[in-house]
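2 protein chains.
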Amino acid sequence: MPDQSVPQARTPEAPPARPESVSGTGGISRRALLGTAGATGLVLGAAGGAVGYAAAPAGATPLTSVGSERAMFHGKHQPGITEGLQARGHLVAFDLAPGAGRKEAAALLRRWSATAERLMAGEAAPHGDTGVARDAGPSSLTVTFGFGHGFFGRTGLEKQRPAALDPLPDFSSDQLDKSRSDGDLWVQIGANDALVAFHALRAIQKDAGSAARVRWQMNGFNRTPGATAHPMTARNLMGQLDGTRNPKPADADFDRRIFVPVSGEPAWMANGSYAVVRRIRMLLDDWEKLSLAAQEQVIGRRKADGAPLSGGDETTPMDLEKTDANGDYVVPLNAHARITRPDENGGAAMLRRPFSYHDGIDADGTPDAGLLFICWQADPLRGFVPVQRKLDRGDALSKYIRHEASGLFAVPGGAAKGEYVGQRLLEG
Amino acid sequence: MPDQSVPQARTPEAPPARPESVSGTGGISRRALLGTAGATGLVLGAAGGAVGYAAAPAGATPLTSVGSERAMFHGKHQPGITEGLQARGHLVAFDLAPGAGRKEAAALLRRWSATAERLMAGEAAPHGDTGVARDAGPSSLTVTFGFGHGFFGRTGLEKQRPAALDPLPDFSSDQLDKSRSDGDLWVQIGANDALVAFHALRAIQKDAGSAARVRWQMNGFNRTPGATAHPMTARNLMGQLDGTRNPKPADADFDRRIFVPVSGEPAWMANGSYAVVRRIRMLLDDWEKLSLAAQEQVIGRRKADGAPLSGGDETTPMDLEKTDANGDYVVPLNAHARITRPDENGGAAMLRRPFSYHDGIDADGTPDAGLLFICWQADPLRGFVPVQRKLDRGDALSKYIRHEASGLFAVPGGAAKGEYVGQRLLEG
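Protein chains in written order, with our numbering: chain A, 1 to 428; chain B, 1 to 428.
These are computed hints drawn from the structure, not numbers from a lab.
Quick reminder that beta carbons are idealized off the backbone N, C-alpha and C, glycines included.
Check each hint, because a few of them may be wrong.
[Claimed, not checked] Rough simulated footprint, nothing fancy, chain A against chain B, three-plus residues with beta-carbon under 8 Å:
1) 117 to 124
2) 127 to 135
3) 194 to 204
4) 209 to 223
5) 414 to 421
[What the hints assert, rightly or not] Calculated pairs, SDA-like style, for lysine to any residue (alpha carbon to alpha carbon, straight line, at most 20 Å):
6) B:K178 - A:I361
7) A:K76 - A:E265
8) A:K322 - A:P332
9) B:K289 - A:K289
10) B:K289 - A:A208
11) A:K289 - B:V214
12) A:K289 - B:A208
13) B:K206 - A:G209
14) B:K206 - A:S291
Using the sequences and the hints, build the whole thing.
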């Protein structure tokens, strides 16, 4: 788990990509506006054809910002990459069904894009909406689509497969479950409300129809907006501030590091990004037995505020050369934060935007909990891979985590109006 | 799933038990106040002895109401019964370890009570806090403790076992997994922030030490506060308003129906309540294939607004005799809402306060999702059992749900200051 920071919507220095609020229309909530549409004949129906929810009941409480905040589906980039962490997330991978090829994939991406656009606006799904998100606002819902290595062979598009999708190298510490790794298609769903996220997951699964089958599916979470006074960096289930050194959209080289340039290869990936997904279990029973001091030696930062052990606060650069009275490095050589420093890795940078996960307990009583690590970069061979190689060799944290699943996906740029995600690949 | 309603903190007519806000102290957040304590020598430590979190970093955003809202540990009743639904929940059952008896159980309840009191106030756990909730406010955390049937034999307290804990009758539609049912001890954790809830779960598990072992553990969720404009009734994962007829704390007979009277038996259960817990899987693939009209016939209410099919709005009494042009009942005889009407069940009433759950997908691709049904009543034989008996015989909904686990727990009254939960039983 490299040591970098995700920008939050509330961060003063990183205000971009803040979801558009739709509650600022004279106190009329998004749902009430949609209700007007409902009154003109658009009603919810379980049997298809519905395009809007009915009006909220009279006297309903106006939506707060949690419900009314909205991310945009159309744009240069897909949503779900630079937005603040969301309280609930679903990751789901699909394999194309036997017999399904380029044509079926194109139709599927067209359906998915239509559904994502509607749901992100707080509207009902185009076909057979389940009603689960009814009454709720968009709640910062994002839906993000990616292609895995296998997709290109199954659709006859091998020549369009990016070299960046070559399989990740094996890491010695990996204990990967292949049935929960990879996949032809990947969808990331995030929202600040669990029912809104679940509603989107079911709609995406339904859209898959006979074209694709679920390969694996995972659930995650982050803090609820407003639960914490800490403005920027999230804690993970080990209690660490996790994401301190994340690149920020305001950084001059942010776009270059995270997104494929317009002049890049292949052309259909312009403004896209590559997502590395790792299910990283935390061995919490072992971790929690360590003293606070021992935990801080493993990480190289203070647990309370994320400051480097060499001093300062969370944003202070780490003094790698500082030694104590015995001549030992204050930040140990195998400390996680030392190994993952971007300037120790040729300037490699990835944008980490994870969810925590907790799937209960195993039969032996140990918690099945940890991090759904998701990182974004213009080139995985310059972002994730070199950092993970170094971690694999000597990270003090490796005793307390286990990589259990892995995926690498090409996430194309955002769809323009009238376009669907991946159209430039599938109709290129 | 009987058809009754949980009061929400935002409901105008049901304002009691609203969590106390701790942010109204001149703009100083709870964490900042705790930080003052930290500056006087109370600091977080992983190795025990810590009693408070350090100050939030300078310039931190004040907590919003989500983080700062606080439920009270001490009181007539335990917390977690009448409060509004929380965004995240954990249910965990323990069995006493071999050799552990009344003395060890008393020490455990004392530890648990001390931890619950601290965490509900937004403070660190008494011993070895993991730091996961650090920076967050109390976030309406509640921790609730109950005793199962087996507890009394293992502690030599058979004579104190309430008759109300006699095993629930078998229902023909049950498909119960015994390994995820029952248990000597039961803990319900709820909070509006997922990390705050997880933090409490780990602290409770750690406190168990060698006295008790986890038997089963389940995770659930509800809407995020502010995500919906609907003021009162939650939707479940079928998209139904679920809880329309729930008794309300303002009802004249609320206390009598939900809580054991001071004059009740056994004496240690005064002001306590009985919790029935059922893991009810929803067969969503089948349910979602039904048309909207067919779903409404199964439930007996309109999906959009929860109004009875006989007309009106959500709160309109159901007209059980109303017939259509063909002479058929408008609310079908096997409709779920008809069968579960309290006035059709001898006035039996239970307070339902559930969490939805979603544990991913099974190997066959079907969703493992549904309801962690939790209902509260003064007497399960007058609350849950008669309603479930009727549902078992003829509920149209039964084709679309499956009861997979079950528990029944005696939840004693709240602890007074200086007392721990269950003390009147364990030291009575």
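Violated hints, by number in ascending order, as checked against the structure: Hints 1, 5, 9, 13 are the ones this structure does not satisfy, whereas the remaining hints hold.
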